[in-house]
Amino acid sequence: MRYREAFRLAFSQIRSQKLKSAFAVLGVFVGATFLVTVVSVIGGLNRYMEEDFGRRIYGLNTVTVRRVPSVQFGPSESARRAWRRRPLLTFQDAEAVQAQLEVPAIVGVESHSGGEVQGPDGTTLGNIWLTAASPEYFAIRNMELAMGRTFNEAEDRAGSAVVVLGADAAEELFASRDPIGKTIKVQGSSFRVIGVMEKQGSLLGISMDNRAIAPSHSPMARLVNPAGVVDEIVVKAQDEVAMGRAMWELEAIMRERRGLRPTEENDFELETAEDSMSFWTRISQILYATFPVLVGIALIVGGMVIMNIMLVSVTERTREIGVRKAIGARRRDVVRQFLVESAALSLMGAAAGILFGQVGAQAVSAFTPLPVSVAPVAMVGAAVLGIGVGVVAGLYPAVKASRLDPVVALRAE
Amino acid sequence: MNWDDPAPEGDVVIRTRDLTKDYVLGAETVHALRGVDIDIERNEYVAIMGPSGSGKSTLMNLIGCLDTPTAGQYWLNGEAVAGKDDDQLAHIRNRLIGFVFQTFNLLPRATALHNVELPLIYAGVAAGLRRERAERMLDKVGLGDRMEHRPAELSGGQRQRVAVARALINEPAILLADEPTGNLDSRTSREIMDLFGELHQGGQTIIVVTHEADIAAYTHRTVLLHDGMISSDERKRPTRGLAAARPESDFQPPVGSAAEAT
Numbered sequence: 001m002r003y004r005e006a007f008r009l010a011f012s013q014i015r016s017q018k019l020k021s022a023f024a025v026l027g028v029f030v031g032a033t034f035l036v037t038v039v040s041v042i043g044g045l046n047r048y049m050e051e052d053f054g055r056r057i058y059g060l061n062t063v064t065v066r067r068v069p070s071v072q073f074g075p076s077e078s079a080r081r082a083w084r085r086r087p088l089l090t091f092q093d094a095e096a097v098q099a100q101l102e103v104p105a106i107v108g109v110e111s112h113s114g115g116e117v118q119g120p121d122g123t124t125l126g127n128i129w130l131t132a133a134s135p136e137y138f139a140i141r142n143m144e145l146a147m148g149r150t151f152n153e154a155e156d157r158a159g160s161a162v163v164v165l166g167a168d169a170a171e172e173l174f175a176s177r178d179p180i181g182k183t184i185k186v187q188g189s190s191f192r193v194i195g196v197m198e199k200q201g202s203l204l205g206i207s208m209d210n211r212a213i214a215p216s217h218s219p220m221a222r223l224v225n226p227a228g229v230v231d232e233i234v235v236k237a238q239d240e241v242a243m244g245r246a247m248w249e250l251e252a253i254m255r256e257r258r259g260l261r262p263t264e265e266n267d268f269e270l271e272t273a274e275d276s277m278s279f280w281t282r283i284s285q286i287l288y289a290t291f292p293v294l295v296g297i298a299l300i301v302g303g304m305v306i307m308n309i310m311l312v313s314v315t316e317r318t319r320e321i322g323v324r325k326a327i328g329a330r331r332r333d334v335v336r337q338f339l340v341e342s343a344a345l346s347l348m349g350a351a352a353g354i355l356f357g358q359v360g361a362q363a364v365s366a367f368t369p370l371p372v373s374v375a376p377v378a379m380v381g382a383a384v385l386g387i388g389v390g391v392v393a394g395l396y397p398a399v400k401a402s403r404l405d406p407v408v409a410l411r412a413e
Numbered sequence: 001m002n003w004d005d006p007a008p009e010g011d012v013v014i015r016t017r018d019l020t021k022d023y024v025l026g027a028e029t030v031h032a033l034r035g036v037d038i039d040i041e042r043n044e045y046v047a048i049m050g051p052s053g054s055g056k057s058t059l060m061n062l063i064g065c066l067d068t069p070t071a072g073q074y075w076l077n078g079e080a081v082a083g084k085d086d087d088q089l090a091h092i093r094n095r096l097i098g099f100v101f102q103t104f105n106l107l108p109r110a111t112a113l114h115n116v117e118l119p120l121i122y123a124g125v126a127a128g129l130r131r132e133r134a135e136r137m138l139d140k141v142g143l144g145d146r147m148e149h150r151p152a153e154l155s156g157g158q159r160q161r162v163a164v165a166r167a168l169i170n171e172p173a174i175l176l177a178d179e180p181t182g183n184l185d186s187r188t189s190r191e192i193m194d195l196f197g198e199l200h201q202g203g204q205t206i207i208v209v210t211h212e213a214d215i216a217a218y219t220h221r222t223v224l225l226h227d228g229m230i231s232s233d234e235r236k237r238p239t240r241g242l243a244a245a246r247p248e249s250d251f252q253p254p255v256g257s258a259a260e261a262t
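Just so you know, the sequences run in chain order W and P.
First residue of the first sequence? That's 1 in this note's numbering, and the numbers climb one at a time after it.
First residue of the second sequence? That's 1 in this note's numbering, and the numbers climb one at a time after it.
For reference, chain W alone in the conformation it holds in the complex:
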């Protein structure tokens, strides 16, 4: 009952001073907006990374041998130099792995580069992701074909100039015509199109469909790497346990091949999807660690602004407080009036921030490649924080108002 009255009063007060109220809640508004937007974006990225990135880029239960880490998180100059001294990975390494690995697993090689392709009608596409890979590539990467077929073991051994195109590359080169059997040029070399991949979509804004994949021993190999060199040896095990064993065996095989002494460190990298995502884990850890601080600062500033505005409000309304006390308002009535007002004010700021944060998150998802997931927890959190900031910020002004001497307050101008 009393609270209803206090709310009514609070809203009429806020309404009557819209501009001042709007300024008062700016800090809380910014804090709430920030909280909702950032949590939505981080949450979306997290889900995306876990669900899509790992599977699509690395494949499940897959270990990749590389010369240097695929994601380099601010390496030092000395680390960079050490990486440059590492030997290159070769087909022989891959064959040795294939021969010596005891765990049942699919072993493939991959090399990647960028380049241009040209269609039969002369259409040239730049910035195409070129891959030279063993036939196992498609199985390891869980990639399905939309039409045609993949190349086989025999074609790979023979180094046949055949190519599987990404959906976008095929679309742009052939439009609605059937690309199968047609000849395209990759960096000037001719390849026969034998298949087109299903659309993979984009990952962090990079199209996964602008690509051309040819056998590892085909002319593509020399377009992406020096002769005999591969970027990655990929080993896909049946399950997680087998992957762990494969990793252990891989390390042993590679160390033996490199003739490393037990005291020497690996001069190659073994990566799993989890490893490579560690960079993301680190980023999100940093974000999650710093951003409460930023939100906290916004809310503290917001709270101080509200407190100031409420103090001014108490001063301006000294006479009103005097009148209210004269006609029977007790201290707690006055405290309640101002607390409810500052809580309502702050909550309104937070609510606006939540709405705006949603809009912001949607904007991020619409105008950037970053995925966004709605974060109900962040929204509830922002609302609760909003009320909390309002109550805390309003406490001192409210108590101050309630302690006014009615005789003095009634005399105020």
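The reader is advised that the hints may include incorrect statements.
If you only want the chain P side, here are some residues facing chain W, beta carbon under 10 Å, derived [said to hold, decoys possible]: (1) N105; (2) R166; (3) I169; (4) E171.
Computed footprint of chain P on chain W, listed as stretches where at least three residues anywhere in the stretch have a Cβ under 8 Å from a Cβ of chain P [what the hints assert, rightly or not]: (5) 330-341; (6) 402-410.
From the derived model, a few chain P residues whose C-beta atoms are all more than 12 Å from chain W [what the hints assert, rightly or not]: (7) M60; (8) A110; (9) R130; (10) M147; (11) S186; (12) A213; (13) H226; (14) T239.
No lab work stands behind these hints: they were computed from the structure.
In this text, all values refer to a predicted model and were calculated from it rather than measured experimentally.
Each residue gets a CB set at the ideal place from its N, CA and C atoms; glycine is no exception.
Keeping the supplied structure of chain W fixed, place chain P upon it in accordance with the hints.
For chain P alone, coordinates are given in the frame of chain W:
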């Protein structure tokens, strides 16, 4: 408790004994009231007069329970007031005292109706009943057609009527008016004083603090303060207003505010 001077019984609404108020201003102590003894009975109509600095405002604040005495006793409606805390005093103000101020002291953003309802809110009266009682009270002071107006949309006299309605809404033991006509022109002053006269005849105990002899002339008793003490206390027949001008049977309630187009 002073056992020689027991709490009042019967019709005594206000009794003070040796009521004293000192203000400490820096190193100096100002003796605003130096032992005031006063009894006011139910349905008295009293003017408290005195020059500025005489202590009449202090006395009003003490009688109105807005302030607490430095020493002395005060019974309001048979209840000792001294020693009550802030919230208890607020409760007493809410239930037993109706204030009318020189500057009206209405809430500017609230309608006349809401202003009158305000004491009922603090008394915890339900919204429906509140509204009903406030409407009835505004009708009684002749503002039945101005309920939704805000103070800025009302004349001075109308505002003071709203204030009177607010003061009376909880049926207080005393109506305490501090220079109620100080901000009104003479004609409007007369109307307000006529309203007071009517209320008095309806049984209301009224105390008017004023420095105008004109206003005191409407009352039945004049208490004169000087240097924080009562210098005279006279009961008399009012020389102005309803009671003086007309026999009681003749009395007519004040009508509307058509005459108040100031």
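Taking the hints in turn, this is what the structure says about them:
At a threshold of 10 Å, the smallest CB-CB gap from N105(P) to chain W is about 5 Å, leaving the interface hint in force. Satisfaction of the interface hint for R166(P) is found here, the shortest Cβ-Cβ separation to chain W being roughly 7 Å, below the 10 Å cut-off. With a least beta-carbon distance of about 9 Å to chain W, the hint placing I169(P) at the interface is held under the 10 Å criterion. Hint on E171(P) is violated. Least Cβ distance to chain W is approximately 13 Å, over the 10 Å limit.
Interface restraint, the region 330-341 of chain W with chain P: holds (4 residues with C-beta to C-beta distance below 8 Å; minimum three). Look at the region 402-410 of chain W against chain P: 4 of its residues bring a Cβ nearer than 8 Å to a Cβ of that chain, three or more, so the hint holds. Not every beta carbon of chain W lies more than 12 Å from that of M60(P), the smallest distance being close to 10 Å; the non-interface claim is violated. Not every CB of chain W lies more than 12 Å from the CB of A110(P), the least distance being 8 Å, so the non-interface label is violated.
Distance check on R130(P): its Cβ comes as close as 10 Å (rounded) to a Cβ of chain W, failing to clear the 12 Å threshold; non-interface status is violated. Even its closest Cβ contact with chain W, about 17 Å, leaves M147(P) beyond 12 Å, as expected for a residue assigned away from the interface. The Cβ of S186(P) sits about 25 Å from the closest Cβ of chain W, beyond the 12 Å cut-off, so the non-interface label holds. For A213(P), the requirement that its beta carbon stay farther than 12 Å from each beta carbon of chain W is met, with the minimum near 25 Å.
For H226(P), the shortest C-beta to C-beta distance to chain W comes to about 22 Å, beyond the 12 Å cut-off, and the non-interface label holds. No beta-carbon of chain W comes within 12 Å of the beta-carbon of T239(P); the shortest separation is about 31 Å.
In this structure, the earlier hints numbered 4, 7, 8 and 9 are contradicted, and the remaining ones agree with it.
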